[in-house]
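Q: Listed here are the chains, written in short residue letters.
There are 2 protein chains.
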Amino acid sequence: MNWSDNRLCRLLGIDLPVIQGGMIYMSGAKLAAAVSNAGGLGLLGSGSMRPDLFGEQLAKCRSLTDRPFGVNVPLLYPHSREVVELAVADGVTIFVTSAGSPKRAIGVLKKAGCTVLHVVASPELAVKCEDAGCDAVICEGFEAGGHNGREELTTMVLVPQCVQAVNIPVVAAGGIATGGQWAAAMALGADGVQVGSRFAVTRESSGHEAFKQAVVEAGAGDTMLAMKRHVPVRLLRNRFFEQVAEAEARGADRDELQELLGQGRARRGMLEGDLDEGELEIGQVSGLIDDVPTVAEVVARMSTDYTAAVTRLAGA
Amino acid sequence: MNWSDNRLCRLLGIDLPVIQGGMIYMSGAKLAAAVSNAGGLGLLGSGSMRPDLFGEQLAKCRSLTDRPFGVNVPLLYPHSREVVELAVADGVTIFVTSAGSPKRAIGVLKKAGCTVLHVVASPELAVKCEDAGCDAVICEGFEAGGHNGREELTTMVLVPQCVQAVNIPVVAAGGIATGGQWAAAMALGADGVQVGSRFAVTRESSGHEAFKQAVVEAGAGDTMLAMKRHVPVRLLRNRFFEQVAEAEARGADRDELQELLGQGRARRGMLEGDLDEGELEIGQVSGLIDDVPTVAEVVARMSTDYTAAVTRLAGA
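These protein sequence lines are chains A and B, in that order. Going by our numbering, the first sequence opens with residue 1, and the numbers climb by one from there. Going by our numbering, the second sequence opens with residue 317, and the numbers climb by one from there.
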């Protein structure tokens with residue numbers, strides 16, 4: 001395919017309209033640099049990093065790639081402001097913001113001359129992002145791993161509605177791990193895709209090997225949305241998930257759920273590999289992830305399969 | 317597009333790989349015949365018909381079209397056996413079975429020389445259908461209206477997994493109302509699509525005009541899955557939905573929910589137009605449905621937009 005006219009590629013200065021999702025405990029310098037080196041946009045996921053660790057990873061990422069990369073900043077996290085300051089001072093020009101209102105953060109970033117993409121789960125929020133000056137929106141469907149919108153709109157219905165609602169580029173996210181899914185997202189009118197789970201399960205991902213293996217072994221129905229009424233999050237089913245589900249089923253309140261969640265559950269599961277008691281954030285697309293290849297291999301496969309899907313469609 | 321080599325079209329003897337979903341209170345003879353006359357496969361939705369009414373609708377459908385049409389039979393419904401006998405005796409050769417194990421019903425239908433498609437929500441069930449002798453599977457994602465799988469797999473992740481799992485044709489359902497969504501489903505490897513909500517909101521649908529209007533006015537997040545732990549069903553939010561959601565949130569048991577659901581809620585909502593107290597089954601794609609056109613108009617639009625999407629993809 002020839003992506004030279006693709007407006008997401010032009011906006012970000014990349015060769016392929018594929019963004020690697022910023023994921024806690026997965027997307028450090030190694031993963032982000034590998035994706036950028038493969039022609040996509042790598043993102044440092046700052047959500048699980050204290051500022052000092054973030055600074056180190058930022059320096060490392062610079063040393064590993066000359067290509068553009070960005071930083072994902074969940075706005076509600078305690079260190080988000082400091083992370084943004086560090087990154088801007090270092091010369092980062094691409095930010096993906098999520099988990100919070102884009103308005104305030106975007107003002108600062110736009111003043112600094114940065115390109116800002118915000119993650120949304122509804123066409124209404126996509127419009128607010130465009131109005132606030134965002135350069136693009138990332139529309140993330142119900143099937144996505146980790147934190148998730150309350151509207152439960154799937155990628156298939158969310159993306160066309162966002163494409164209708166805004167004029168800025170639309171990136172589809174949620175349920176995209178193969179070239180066929182990438183082509184499907186483009187058929188829905190997206191300008192590009194964000195890929196999370198598939199990059200979380202690569203050699204360059206900093207997730208624990210036991211976690212990666214658990215995703216490889218997961219079947220079709222093995223993830224589920226937990227905490228639907230509070231902070232929806234898609235998890236791989238395990239003992240911890242069952243505890244949360246049981247508490248929810250009997251109508252536990254927010255405080256009880258918060259205590260159950262406790263501190264460090266995600267770190268325990270995804271970074272330390274505690275498959276029973278840890279929180280294992282991953283997308284529904286796990287059922288299509290069967291190995292732990294390199295990032296370059298993932299991108300090559302996806303590109304080949306994308307072309308095959310488009311050729312097949314055009315031949316009908 | 318040229319669909320003469322499409323294996324779903326060849327299996328069913330139709331011109332376009334588009335099946336109209338069999339929907340209670342929506343899909344009588346008028347809707348089914350209109351879809352078949354437009355080149356797709358119309359289905360009589362027998363789920364809401366007693367055998368005498370079904371017999372009338374069957375005769376009427378024959379009088380309205382010379383093209384192939386089929387019958388949708390929810391296997392768990394009380395009259396399903398009688399409906400199947402009536403239809404087979406009348407010469408119907410295409411059946412879509414749903415809501416129940418395909419095994420027993422399929423044996424009878426295959427012996428009678430019929431073509432059988434079963435609706436599934438997981439790749440595991442798709443494999444069982446193939447083993448049981450089904451001619452095709454309809455893979456229905458989480459975004460679909462009405463009754464829904466427990467796995468909550470979205471169309472984007474369900475379809476490719478079913479395509480991997482079976483050799484028989486795979487029909488994608490859930491979230492498909494536009495030509496772009498149709499093209500997306502084909503990019504995922506589907507052989508065709510089943511379209512429900514979009515056909516429910518046409519002139520030929522037998523749903524109440526007030527119900528159709530409510531879907532036209534619905535926004536992106538206005539449907540939600542209710543009864544998740546019992547019999548998941550996607551509904552338009554209304555007073556009845558809120559009552560169910562409230563009961564679920566405080567941990568109501570199956571009996572209480574069953575009583576709340578009561579008898580005739582769906583009839584009241586969809587056929588009689590009681591938008592407050594009725595059960596309004598419709599898909600998440602409601603947010604993309606903005607008018608009440610004829611079936612011919614829907615099919616023409618979808619075909620034009622399909623071609624546009626494929627051409628756009630091939631040009632990149």
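Rather than coming from a laboratory, the hints here were simulated on the basis of the structure. By construction, the Cβ of each residue, glycine as well, lies at the ideal position given by its N, Cα and C atoms. Check before you lean on any hint, since a few could be wrong.
If you want the footprint, here are the derived chain B segments under chain A, 3+ residues with CB under 8 Å [said to hold, decoys possible]: (1) 430-444; (2) 468-481; (3) 500-510; (4) 545-558.
Ranges between beta-carbon positions, derived for each pair [unchecked claim]: (5) Gly449/B - Gln258/A: 22 to 28 Å; (6) Glu525/B - Glu82/A: 55 to 61 Å; (7) Val532/B - Asp253/A: 35 to 41 Å; (8) Asp255/A - Asp569/B: 44 to 50 Å; (9) Glu82/A - Ala526/B: 52 to 58 Å; (10) Arg7/A - Gln559/B: 55 to 61 Å; (11) Glu217/A - Ala612/B: 46 to 52 Å; (12) Gly567/B - Lys111/A: 48 to 54 Å; (13) Gly100/A - Ala375/B: 56 to 62 Å; (14) Ala89/A - Asp569/B: 40 to 46 Å; (15) Asp571/B - Ala308/A: 25 to 31 Å; (16) Ala612/B - Gln243/A: 52 to 58 Å.
Q: Each of the hints needs a verdict: does it hold here or not?
A: Right, here's what the structure says about each hint:
1. Figure legend: the stretch 430-444 of chain B, annotated as covered by chain A; annotation consistent (3 residues with Cβ-Cβ distances under 8 Å, at least 3 required).
2. For a cut-off of 8 Å, the count of residues in the stretch 468-481 of chain B with a CB near a CB of chain A stands at 10, and the three-residue condition holds.
3. Three residues within the 8 Å Cβ limit are the bar, and the stretch 500-510 of chain B against chain A gives 6, so the coverage statement holds.
4. Counting residues of the stretch 545-558 of chain B whose beta carbon lies closer than 8 Å to any beta carbon of chain A gives 1, which falls below the threshold of three, so the coverage claim is violated.
5. Distance hint check for Gly449/B and Gln258/A: the Cβ-Cβ separation is about 51 Å, which falls outside the suggested range of 22 to 28 Å.
6. Remark: the range hint 55 to 61 Å for Glu525/B to Glu82/A is upheld by a beta-carbon distance near 57 Å.
7. Val532/B and Asp253/A have their C-beta atoms about 38 Å apart, which keeps the hinted 35 to 41 Å range intact.
8. Distance hint for Asp255/A and Asp569/B: a CB-CB separation of about 24 Å, inconsistent with the stated range 44 to 50 Å.
9. Against the hinted window of 52 to 58 Å, the Cβ-Cβ separation of Glu82/A and Ala526/B comes to about 54 Å, which satisfies the hint.
10. About 46 Å separates the C-beta atoms of Arg7/A and Gln559/B, a value inconsistent with the hinted range of 55 to 61 Å.
11. Distance hint check: the CB atoms of Glu217/A and Ala612/B are about 49 Å apart, consistent with the given range 46 to 52 Å.
12. For Gly567/B and Lys111/A, the hinted distance range of 48 to 54 Å is satisfied, since their beta carbons lie about 49 Å from each other.
13. Between Gly100/A and Ala375/B the CB atoms are about 60 Å apart, so this pair conforms to the stated range of 56 to 62 Å.
14. Range check, Ala89/A to Asp569/B: Cβ separation about 58 Å, and the 40 to 46 Å hint is violated.
15. For the pair Asp571/B and Ala308/A, the supplied restraint of 25 to 31 Å is violated, since their beta-carbon distance comes to about 52 Å.
16. At roughly 54 Å, the beta-carbon separation of Ala612/B and Gln243/A lies within the given 52 to 58 Å, and the hint holds.
Violated hints, in rising order: 4, 5, 8, 10, 14 and 15; the structure is consistent with all others.
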